[in-house]
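**Student:** Numbering (numbering that gives the first Met the number 0), first residue to last: 0 to 156.
I should point out that these hints are in silico values taken from the structure, not numbers from a laboratory.
What you are looking at is a predicted structure, and each value in this text was computed from that prediction instead of being measured.
Treat the hints with caution; some may be incorrect.
Unchecked claim - Derived DMTMM-like pairs (lysine to aspartate or glutamate); straight-line CA-CA distance at most 20 Å: (1) 17 to 139; (2) 17 to 135; (3) 17 to 90; (4) 17 to 82; (5) 17 to 95.
What the hints assert, rightly or not - Restraint ranges, calculated between C-beta atoms of paired labels, are given here: (6) 38 to 4: 36 to 46 Å; (7) 83 to 152: 18 to 28 Å; (8) 75 to 3: 34 to 44 Å.
Just so you know, even glycine gets a beta-carbon here, dropped at the ideal spot from N, CA and C.
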Amino acid sequence: MTDAIITAARDILDDSLKELRVAVVGATPDELNRRPAGPDTNSIAVLVVHSLTSTRSWLSVAIGAPLPERDRDAEFVTVTESEAALLAFLDQMAGECRGLLATDAPFDAAVERPTHPRSDAPDTAQAGWALLHALEHLREHVAHTQLTRQLLAARGA
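Work the whole structure out from these sequences, hints included.
**Tutor:** Written as structure tokens, this is what we have:
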């Protein structure tokens with residue numbers, strides 16, 4: 000039987016992925032790549048790539064899966080050629096994230112696991128923290144993506 004925490008995490012993940020997809024569908028390449036308030040802000044493409052890559056990484060920590068390759072700096076310079084290309088990336092990453100939560104194993108929130116090495120991140124994290132962080136960080140960037148899309152629409156992108 001699936002752990003209730005994992006079931007809840009799946010539901011939150013699915014809702015977040017649905018909302019992220021809605022923010023991308025129908026956008027032009029210019030809208031997906033535009034930084035709404037200058038070079039120090041993030042485009043929709045950057046937000047999608049960063050949030051999903053980060054989610055996959057933190058879910059891997061939470062579940063105890065091998066850590067995926069990641070180039071965090073490259074996430075923030077993402078440029079997409081089209082809505083279709085960004086949706087293909089979103090769908091691939093969504094499948095990988097869902098796959099990480101497709102487990103019937105009991106969830107041990109207290110187990111300590113290694114994280115990706117970064118100067119501003121701890122070397123290890125508890126599985127429960129990693130799971131919650133994966134979901135809250137994703138939701139934060141879903142909201143950023145929605146607001147960016149609204150800003151672009153209001154300005155007539």
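**Student:** Next, verify each hint and record whether it holds.
**Tutor:** Now the hints, each set against the structure:
no.: 1; hint: 17 to 139; result: holds, 14 Å
no.: 2; hint: 17 to 135; result: holds, 15 Å
no.: 3; hint: 17 to 90; result: holds, 10 Å
no.: 4; hint: 17 to 82; result: holds, 15 Å
no.: 5; hint: 17 to 95; result: holds, 15 Å
no.: 6; hint: 38 to 4: 36 to 46 Å; result: holds, 40 Å
no.: 7; hint: 83 to 152: 18 to 28 Å; result: holds, 20 Å
no.: 8; hint: 75 to 3: 34 to 44 Å; result: holds, 35 Å
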